[in-house]
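Trainee: Position chain C against the provided structure of chain S, taking the given hints into account.
The residues making up each chain are set out below.
Number of protein chains: 2
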Amino acid sequence: MLDTARRSTAEIIAALREELSERALDAFILPRFDAHQGEYVAPHDQRLAYVTGFTGSAGMAIVTAKTVALFVDGRYQVQVRNECAGPFFSHHHLFNEPPESWLAQNAQKGWQVGYDAMHLPPNWFDRFARACDKVEAQLVAQISNPVDAVWPDQPAPPMGRISAFPLQFSGRSSKDKLLDLAAALERENADFIVDTQPDNIAWLLNVRGADVAFNPMPHSFVLAGRDGKVVWFVASQKLDDSLLDSLPDHIELQPFDAFLPTLEKRISAGQRVLIDPDFSPVAVRQALEECGATVLCKPGLLTLAKAVKNSVELQGMRNCHLDDGVAWTEFHAWLSETVPARAKAGNPVSEREAEDKILELRRARPGFISESFNSISAAAGNAAMCHYATSPERNALILPENPYLLDSGGQYETGTTDATRSFSFATRPEGYDRAYTAVFKAFHALMTLRFPKGTQGHHIDAICRRPLWDLGLDYDHGTGHGVGHQLSVHEQPQRIGKPYNPVDLKPGMVLSIEPGYYEAENFGIRIENLVEIVEEEDGFLAFRNLTLAPIETRMLLIEDLTELERQWINSYHAEVHKKLCPHLEPATQRWLKEATADI
Amino acid sequence: MLDTARRSTAEIIAALREELSERALDAFILPRFDAHQGEYVAPHDQRLAYVTGFTGSAGMAIVTAKTVALFVDGRYQVQVRNECAGPFFSHHHLFNEPPESWLAQNAQKGWQVGYDAMHLPPNWFDRFARACDKVEAQLVAQISNPVDAVWPDQPAPPMGRISAFPLQFSGRSSKDKLLDLAAALERENADFIVDTQPDNIAWLLNVRGADVAFNPMPHSFVLAGRDGKVVWFVASQKLDDSLLDSLPDHIELQPFDAFLPTLEKRISAGQRVLIDPDFSPVAVRQALEECGATVLCKPGLLTLAKAVKNSVELQGMRNCHLDDGVAWTEFHAWLSETVPARAKAGNPVSEREAEDKILELRRARPGFISESFNSISAAAGNAAMCHYATSPERNALILPENPYLLDSGGQYETGTTDATRSFSFATRPEGYDRAYTAVFKAFHALMTLRFPKGTQGHHIDAICRRPLWDLGLDYDHGTGHGVGHQLSVHEQPQRIGKPYNPVDLKPGMVLSIEPGYYEAENFGIRIENLVEIVEEEDGFLAFRNLTLAPIETRMLLIEDLTELERQWINSYHAEVHKKLCPHLEPATQRWLKEATADI
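For the protein sequence lines, the chains are S and C, in the order given.
So for the first sequence, the numbering used here puts the first residue at 1; every next one is plus one.
So for the second sequence, the numbering used here puts the first residue at 1; every next one is plus one.
Bound-form chain S, shown alone (with noise of 0.2 angstroms):
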């Protein structure tokens, strides 16, 4: 995505240490984060991957005059290896080596340490702050950043169109909303919220913009308060005419960069300010402070609203599934087919063909708009990169000898999909059916569970992981991430997953459930479906699916498998088959009654 073939990494890191040199700072704090705190960052803000090569969704460098040190999550570890193998790198896990314990240990007496206030947000400047207050180091914001003054190609800042989000997709007007909001900061007993994230705006302001690749929704910021009013700062010229001319009253257009300045001019002394510390720039609280504001740190108040969806939301998101299941179901037909037989032909399909193929049968779907992330298409042992990408140069051939994986995704007018299918043609390595089998059963055990209401997602991932866990496996990656109304795939605030995270799952969240197994260089394995949260007649919760794909039975050991376990994947088939024969071409229909035949 990059064009960073004029400067080697060498060029790169060389130049940024002499502008450190010169701003008189020992290390500079340099996260992928841009100022929305998000995973996808506009190519204007990928200053981690310009200076590094390392592309991943999430990670963090520390660059010194000696090293580069990286940190990047288990999904990350083989792929940062590849791209950051240079002498100039030190590797480190992001959790368990954090940058803040890396810096505590490596930083000296006195050092200066950069950082962009804009790309740090709270929390992270905390942990950074008491690292550095270890070792008597100091932090000191950087008012430009200093990755932007040696990238002279720097892309320019996106420029997205934003339009409009009709209410019969959104379900609930701006107004209604922002009203919501007012009464939730009323109890809250704040005067104002100030917020950052894309996804939160988009669906506060029911806009949509076209500022990071996959994520319709544009890069603003807003200051709501208590009179249900709102401040937008967003270039003017983004919005499409037709929102221009039906703004409504209680939106308040300021430019994008009078952000800060109208933060400190708007806001009096003692006042109270809600900002969430995980995701908004450490300069806001900076801000906030300077103008004698009580800052109140609460995670995500916006942020859950818009994680737990409305009728019409929910609506939406079982129709699109139902568009995306007959693309799914076209294209593994495609597959199933057109694997043997150009493999037969010597002509063999490649992983880049078939994640085109998936994306064409999804445009020829109605509502259909974008791919909702980088498809992951990977044969063979490409699939142990659980965040693997296809490009030009890497773009290995689909064999029937070898298992093959899909983790693929749209954006559609009415909602948003992700699912993940493992295939296979002919042959299997070692140990695969069995991984397989016990992959179907982690699936499987979270699909079906029952919990009470308070129950939150680190309770319940291990009663995903357990078939594994009886076979001595695992995987390094969350069980499952929240999934936006066409908004961000990867959805805050809920996630089911090791690490700790106290939020309480709702009826009418969205997410996914994919437990995975991965043998490096061999092969990978994963299972993925979309879910919503249902409230039963007895008051306790359980997933809903809303992924209409077949999962193939070939590879299940049907022997180790539970009565439960074969009556949930008949039923699942039967579900699957009922809804996507009437949208499906015979020929389609016809593979489809095989592929969710009874086991």
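Source of the hints: derived by calculation from the structure; they are not laboratory data.
Keep in mind that a hint or two might mislead.
Simulated pairs of lysine-lysine, DSS-like, Cα-Cα distance not exceeding 30 angstroms [unchecked claim]:
1) 579(C) with 109(S)
2) 506(C) with 298(S)
3) 298(C) with 134(S)
4) 506(C) with 579(C)
Just so you know, these numbers come straight off a predicted model, no measurement behind them.
Mentor: Only chain C this time, still in chain S's reference frame:
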């Protein structure tokens, strides 16, 4: 236990309010904690029970001029309403409506809120301090406890005899443990550690005492240094002669009351001192801050060292479980025969008779010292109170038509036991068998779990609850607690439960596994065994059973069991039979053979 007959609760509360008013206090925080923050407190320290009448093992009150707000956890919601039913009280859930939130809502600006700095750990203190900050109230340390001032017949502090705990049972000398501790202090870059927990100190110094019921450990404090030496603050008249004579050089005796003054004398400004912020008095932190030390808050350095048992301790645990299993089996055989026979004869067995019986049988076992906690001997609906205790006035009959529950354990020379069994004689209430089968499934789910290193108690709690959740049932208590080695039956730091507990489960730890189900006024079910954590060949961890006592199978809905569950109970019973049989009388052998027959 307490003789409060001479004064009514109303009189005591009135006297305390007068005392608070004289001290110009608007509120007083009255935890159940003593200076050692343990579960068992000596009669001298039962201030919460004296003032409120609440006799549960955890809880807190806030006394104001208007109300006594009482905070207890899920186990005690029924009991507290029975014991503290007066108009003086308002009732709250200790976790869902914690006392500091209550204080923030009910205190007024300028309030003086008293506390005893020896009875509140730093983390609790900080929670109250934040709450007081919020409403601009002040926390005011009390030099003398105001409850003591209004308690004319307060029992004297305990003076239990302290003797040496021999190497043959402890497996490691106090000198070696102190050297290990010194090395740990070096790693933590600390000069000293202050510890105030009786079980940690008893373990560290290889002594046992008798200051609180059921827990063979003395009240004392220690200050240990990086030189492998320790100052032991303890009333020297408690030490038995042989211990006094043989006290090694690395242990320096100081009077109990010299604790805080000596800290201030021995520790110089700038020295780094470790304390446990959850389990030490905030007075320690305040004293250390007073003398300019750097206070390092690190939960459980000694607590964790003690929790990971050495091979001698583990073998001792296994040995005492054999003896305890004999007592359980003899009890079970007696109960099965005696309850119907005595009911028929018009002279039914009572709850107290049953708890006396198992104590009598344990007393006949070699190495038995005392019960490890107050037995819960609960017939019919009494078993729905998780921490029910009989008294001369509260002593129900065990009738064949009702189920019965016994939760009971012993302190032995070589270790500590704790088990629960649910019993049935003839008929059961509607729904009992379905719930009993679910509780057994829950128990089985965790007993057979394998899990990777790094797993923590809150990760696996739901694995146990799932079979209950499937039926819309749950239990409002933890799933498992740590168990000491001839020390506290509830031992920190590991536990299995819903609350976040950032302690990796490690080989050598001993835990209970005890799911249950309770229907108020109707019945209660619990099955509890102790387990040790072992590492298996592939590096995964597992639970190895310690408890040897038959589990009743007549209430199991066998058709609802999986093949694995059926096989597991049969193989567990085969182990119980094989290990216990050689130690039983012929009649009990015959009974056991039947009780452990395959299902």
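Trainee: Would you pick out the hints that fail for this structure and give their numbers low to high?
Mentor: 1, 2
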